[in-house]
Structures are given as C-alpha cells and as structure tokens.
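> The residues making up each chain are set out below.
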Amino acid sequence: MADTILKVDRASKRFGGVQALSDVSLTIERGMVHGLIGPNGAGKTTLFNVITGLYKPDAGHFELAGKPYRPHAVHEVARAGIARTFQNIRLFAEMTALENVMVARYARTRCGVFGAVLRTAAFKAEEAATAQRARELLDEVGIGRYADVRARTLSYGDQRRLEIARALATEPTLIALDEPAAGMNATEKRVLIELIERIRAQGHTILLIEHDVQLVMGLCDRIAVLDHGQQIAVGTPAEVQGDVAVINAYLGSAHVAV
Amino acid sequence: MKPARLGLIVLAAVALLVMPLVAQQFGNAWVRIIDTALLYVLLALGLNIVVGYAGLLDLGYVAFYAVGAYLFALLASPQLTDNFPAIAAMYPDGLHAPLWLVIPLGALLAGLAGLVLGAPTLKLRGDYLAIVTLGFGEIIRVFLNNLEQPINITNGPRGIGPIDSITIFGWDLSKKWNLFGLDIPSVTNHYYLFLAVVLLAVLICRRLERSRIGRAWMAIREDEIAARAMGIHTRNLKLLAFGIGATFGGVSGVLFAGFQGFVSPESFALQESVMIVAMVVLGGMGHLPGVIVGALLLAVLPEALRYVADPLQHLTNGRLDASILRQLLIALAMIGIMLARPRGLWPAPDNAR
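Top line first, the protein sequences correspond to chains A and B.
Going by the working numbering, the first sequence opens with residue 1, and the numbers climb by one from there.
Going by the working numbering, the second sequence opens with residue 1, and the numbers climb by one from there.
The set of hints was computed from the structure by calculation and includes no laboratory data.
Careful, some of the hints might be misleading.
Footprint (simulated), chain A over chain B, 3 or more residues, beta carbon under 8 Å [what the hints assert, rightly or not]:
1. 197–209
2. 213–219
3. 225–239
In silico DSS-like links for lysine-lysine, alpha-carbon gap of 27 Å or less [as the list claims (entries may be wrong)]:
4. A:Lys124 <-> A:Lys67
5. A:Lys124 <-> B:Lys2
6. B:Lys123 <-> A:Lys56
7. A:Lys56 <-> A:Lys67
8. A:Lys67 <-> A:Lys7
Only a predicted model underlies this, so the values are computations on that prediction, with no experimental measurement involved.
Note that beta-carbon positions come from the ideal geometry of N, C-alpha and C, so glycine has one too.
Sequences are here, hints too, so could you generate the full structure?
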C-alpha cells in the first residue's frame, strides 16, 4: 500500500583513506518521517550530502518516486524534488523573509529576462502567484508577520522555520532536514515538533537527521542507524532502541557485557 | 499613484530637463561634466548588476566600455577605410555606421565579451575572481595599444579619430541649434540623449531586480550553496549577470566614442575600472538610488575639486601639483565616506521595499 519515495541502494563514498559510507541502503515510504541517527562521524551527513547532490557518490543506485535519480548536481536535486535545510542555517541574509521563500520558487517558475524587462502579462501573473504562495508558506510555518523583515534580523527559531518554508516552496517530494533542532531551547523544539508533524499531516515525506534522540524517537516512524559508515539497524523507534548493535555503538560494548 | 508622488515625479522631470539649460549659462564645461557623469551612471548601473546583485567582484569592467567605444570608432571613422583598400572600395564615401545600428551591436558584442570573461571565471570567488577580471581588463587595453602591427586595426596608442558625431533621425547632436532665442549647444543635446538612455537603464535594472532572475542573482550573492539547493543553476545565472552587465558598458562606450569624437587606450585604464567599482560600493551596492548617487558624486567630485586644488596650489607657490592634490582629496573624501557610512552613502533600507 505504501509507495516508496526514495530508495538508496548500496551507496558508498570514500574520502581519501576514510570510507565514509559503505554500501548503505535506505528506503523511505511516502508520508513518513524517516530518522537518520548515529554517533558523531557515523556518516549521517555524508549520506545526506550524497542524497542532496553535494557529494558525488562512488557507487550506488538511487530512485526518487519510482524514477531513477542521479544526484550529480545540486540544482538538479531541487528540480527533481528533494528540498533540504542546512545544519548551520543558510538563509539569504540580506533578503527579506518573503524574498527568501520566493527565491525557492525558482525551479517551479519560468519567466526570464525579457518577461521581466517588458513586464509581460505572463510575468505579472507568475510574479503575483509566486508572492502569494510565499506568503501562504510563511503563514503556514508561523512567521507571516515577518514577511518584509530581512532574514538576518529574525530570531534563531524563526530562521529555522524560514528555512523550512523555503524548502516547502520548491514543491518537494522529499524534505530533508539536517539537524533542525540544533541549538534550540525546549520551547523552540516543541514548536518545531508541532511544525514537522503538521507538515507530515499534509502528506509530505521527511528525512530527518538529528542528534536529539528524544526528539527523533518521538517524531519518526522509522529510524536508520549508522555507525562507521555502515547501517547497523533500521526499524521503528522501539525496535531501534532495543537493538544491541545500536546500544553498543552509542554506549560502548562494555555496557552490554555488564 | 498618489498626487504627492506624481507631483514629485513631475518636479524631478522638469528639473532634469531644465538643468543643462541653467548649467550652460555658467559655461558649456559644466554641461560636459554632467554628460560624462551620466555615462558613468550607465557604467555603474551595469557593474551593479554584476557586483551589487550577483555579488561577483569585477575589476575589469572598463573592458566592455572599451569594446563599445572602439566598435563605434571603427565603424564610423576613416580608420578602416584608410588602412584596408578593400573596405575603402566597398564604401567609397567612408564608413558611417548609424547609431541605431551601433548601439545594439555594441551591446551585443560587449555582452559576448562578458560571457567570454564569465565562462572561465565561474569557479572563482571573491579575491580570485577580482584578480582574473582585473587581468581581463588589462588584456583588452594592451590589445588596443598594440593592434597596429602588422595590420593596423586600432591605431595603437595614437587612438582613432575623427569619429562621426551622433546623429538621430538626421538631427546632428554636434550642431548648435536655436530654440525660441535660446542657444542649445552640442553638450546639451548630448545631455538629453544620455539622460534618456540612463532612464531606460534604470527602468531595466529596477525591473530585473524585482523579478525571478534578480532574486536568483541576489540569492547567489548571499549564499551560493543554498541558492543551488533551491534549484538555481548558478553557472547560467552568473553568466547572465556578466553578459547583461557588460551590455550596459558597451552602450556607454558607444555613446562615449560619439560624444568625444576620438578614442584611445588611455581612456580605458585600470584606474577607470577601479573608479566604477568605487562608485557602486560608495553609493550602496545593489541599491539603485545609491549607485546613481555614487556615480554622480565620484564623476563630479574631481571636477569640483579643481576649484579647491587650484587656490591651494597658489597658496603654496605652486609647490603642490594640482592634479596630485586632487587625487589626494578624492581619496580622503572616499575614506571619509566609507568610515562614516560603511554600507555606502545610500544603502537599501533595512525594512525593505
């Protein structure tokens, strides 16, 4: 019944002498929040960057919504339907919140230089639609009142939310969130969890990298655990929590021996 | 449109139309200064697309100005017919390309030069890009200086002239004419043409700025990786910025050649590129009113300082050289402005647009 949004088949990536990823496979079903966890240096970010086209994989097959997908250029990844946020927020700081979201409509709009200079009817219609959609998205993540404020002046939590609004604006098949809760306090985290759940309720599929284990366990439908570039476990939060390999990876094997 | 705003626009329009008529009462030299300033505004507007919007520091922008100027010079002077009998045979009356042909041609050629410069520099950023573009600007100037051997194309450091004056629909801008007893000299004619071109350029910039393309440029300026993650093809858009920015330089060059009647490589030195970058930065990068103010100020300031430098020279019994003194005063003024207003004289307001 559930159909597959992203299928990663035996992806590998090596940096010099370090095998950052070896034969990692991943399947994400539609409408799920799929967590990706692991200790520092486990290869989470590498896998994330491979999926989003920032790194070129050495090996591996990819399928996005049933179609073969080759993540070899970052801008094509967005067109193909994967939107991402960044661990260390990367907004367009000097542009307003509204413009930040409007930029993200780039891949889904068409008007070029001549349309813009001549202000054609098609341009005006597209521009109005872009602005309207951007406002809707800002309202949706709860920062509509800051539409005309420069992104750099927003609070940390609001910047995170703006990044999510920007990702949604690309009409993604899959939204990849890279440690969205990093640096957030308890209140901000609660708001974030609500937002992610609301996005899922709209039918979006989410890939979530996160350090905060509690947040991941509460939010995810399925979790994949990486360690030393290999997938050591995959399953529901409960299954993963009880997995011996996962406990070893996080706490060291001595803990199990006791 | 609110009546107050409409009134302001009408007032500004009248002021712009009357200004040269007033200025010429104090001597045509003043109108000439304003004409040159308008050409600099056009250059600054073009460079603003590359530096201000797309965030690509281009230190060789004057090359496109040179391309436009030399194109008009070659197509509307005896240079080619004198040196190439074949061309002289084809055009027994000499080459006199009309402006309406040379302007689009100059824009196109400069745009192509922009792409040629842009293509190899796409992977470079910041300081590295600045150095390569600086080199490009110098290459063009060195070419102009040396393309007289073995075949004389640019006439080397001696330059090309006389270039045809600008003629629009049979109306020769270099001729004085009389309107209700008021003498309209050549410089004032040129003022109106340049003003029209500058206004058109402002309109184009403004429309580009508030479009999908303009936003994509600014996104690249702010964060290239994030821009790519939004699906923006950064390579193509950077090339587009280089190309469109260069067309402004080309058009400005064509007008310059027609206005001066003579071009030589001297006019396209590194100093000019630096000045144009300074205009954009000093005025307020990426903010059109700021860029215009910056260009006007830096174009007029050296001339105005003449009136300060000369008395100072007399004061020191001629020991201080006026031209060096002027350079010093310009530098001091620029340092002063940047210290007082680090984001430019007139940056974009914080709560935007």
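> Hints numbered earlier in the text: which of these fail when held up against the supplied structure?
Of the numbered hints, just 4 does not hold.
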